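Fit chain B to the given chain A structure using the hints.
Order-wise, the sequence lines are chains A and B. So in the numbering used here, spot 37 of the first sequence is number 41, and the numbers just go up one at a time. So in the numbering used here, spot 307 of the second sequence is number 324, and the numbers just go up one at a time.
These aren't lab readings, by the way, just hints derived from the structure by calculation. On a predicted model such as this, the values are computed, not experimentally measured, just so you know.
Derived list of chain B stretches under chain A, where covered just means 3 residues or more per stretch with a C-beta under 8 Å from a C-beta of chain A:
id	segment
1	159 to 165
2	205 to 213
3	264 to 277
Think of the CB as a built atom: it goes at the ideal place given N, C-alpha and C, for glycine as much as any other residue.
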Amino acid sequence: VSGTRKQRVPIEPGFFSVPEDPADPPHLLGSLCNACGEHFFPRRAVCAQCLAQDTRDVELAPRGTLYTWTWVHFPLFGSKAAGHAGGYGVGQIDLPEGPRVQTVLSGGPDDFRIGMPMQLELETLREDKEGRDVVIHRFRPAEEPP
Amino acid sequence: VKLENVAVLGVGMTRFGVYPERSERDLAREAGLAALRDAGVSFRDVDEAFVGYLAGTPMTGVRAMKEFGLTGLPVTHVENASATGLVAFRDAAWAVASGRCRVAMALGFDKMTEMSAGARSVSRGVGRDVIDSVILPAAYFSLWAMRRMHERGTRPEHFAEIAAKNWNFGARNPWSDRQPDHEVTAAEVLASRKIAEPVTAMMSCPVDDGAACAILAAPELARRLHPGRPLVRPVVSVLQSETYARGHTFMGPVVGPPSMTRDTARQAYEEAGLGPEDVDLALVHDAFATEELEYYELLGFCREGEAEKLVEERQTWPGGRIPFNTDGGLIARGHPGGPTGLAQVFELTRQLRGEAGPRQVANARVGLAHLVGGGSVCTVSLLKRD
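If we strip away everything but chain A, and leave its shape as in the complex, we get (with noise of 0.2 Å):
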């Protein structure tokens, strides 16, 4: 089955995994204060409440809750989505870990309200010249409470 699978590479590295097996999820790529325990996405070398100069990486949960959205009526510049032609959700999403994450959201403007759960998921955006499936992270909202 791997033979066949498409390879995957993330539009910028160092942000979010990305698994093997598309069936895996994927996380945020995160930093710990080991000072303070203060979580940061993405990732920072000082910490941005106690100045420590004192974090390691950590993989953040790949859920967490909408704390506001918009619909922008307005297609996706570059997004090759059919999804994205008529426009599209804009959120921030709280991680239980703490940080506050903005992305683009997947879904419809029907589908998001404030609190919901949400899932990180990665979108194709587009082939490189090696065949692969450039990747990025969205949240899209989570079928089952987290």
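Frame of chain A; chain B shown alone:
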């Protein structure tokens, strides 16, 4: 720290709008010469200049200053995104207040029509699908608005009423880009093109070109040159960048959280020894009408959760308790970027002198100017008539 020994000597601006046939230098010269005329001084009297713009390339500011002459004065470029003009004003005010110069000029100019044309061509094909793309500013401020609607039951009509007010203020201001020929209604605002829920096109500022300028000087000079004119002084000019708090969003936002405005305003009031109850009019960053409603609370003009009531009671309207964006704000007067904050200083100065014509706020003594800028920063200035 409070500003001492500095006054606004003169102000000038171009009407904001779309000027495809005019250069940045041309616009800068018109605004600067108007300010020098209003100040009653020659460019030879200007000891130091602070010049701000967003759309130009490096060196543009120093080169534009040559329009006024080559006198050897120190020129510093200032850039803080949308807050640029007010930050140039802050630097010029401090240059005088510190005693290092007698007359300082703050000049802002921009051709956002060219900047947005450039941005469009860049985004084509590359687009917003980059890891840390800044989303459409309208979408970002709509995230605030959607959260507020959820928490406070704010309706799109509240935002539309604010936008209509600012359009109608614009009709009373000859320097406003948008000067509607009829009374704009909330229904008209709501029916305009949808941008990002709940923001419509008429709730959004236009893309503008223009220039604005303020001349700061020692109060004695202002009194000597204009003995009959009310003296307008900057009392404080505060600038903050973001402060970390749980829930801070590092990637994607256009500006920091709304609390930036509350923190910056608190510092300004504290240092000035003034409170919101002393302020007679306020000019704020209403790039989108949804923002203005938030600023009613964040600047302290009502308690938390009461901003909607200010709209319903028309308290920020002409003749209201605290008129907001009397020159039309970013929505009507326009928002070219670099000069926007100096257009606010222009309006506050004319209001505090009693020269604002049909939009004059009766007995205006204290005015507030507020801008946020991408990156991000927030700046608040308080101006007072003696």
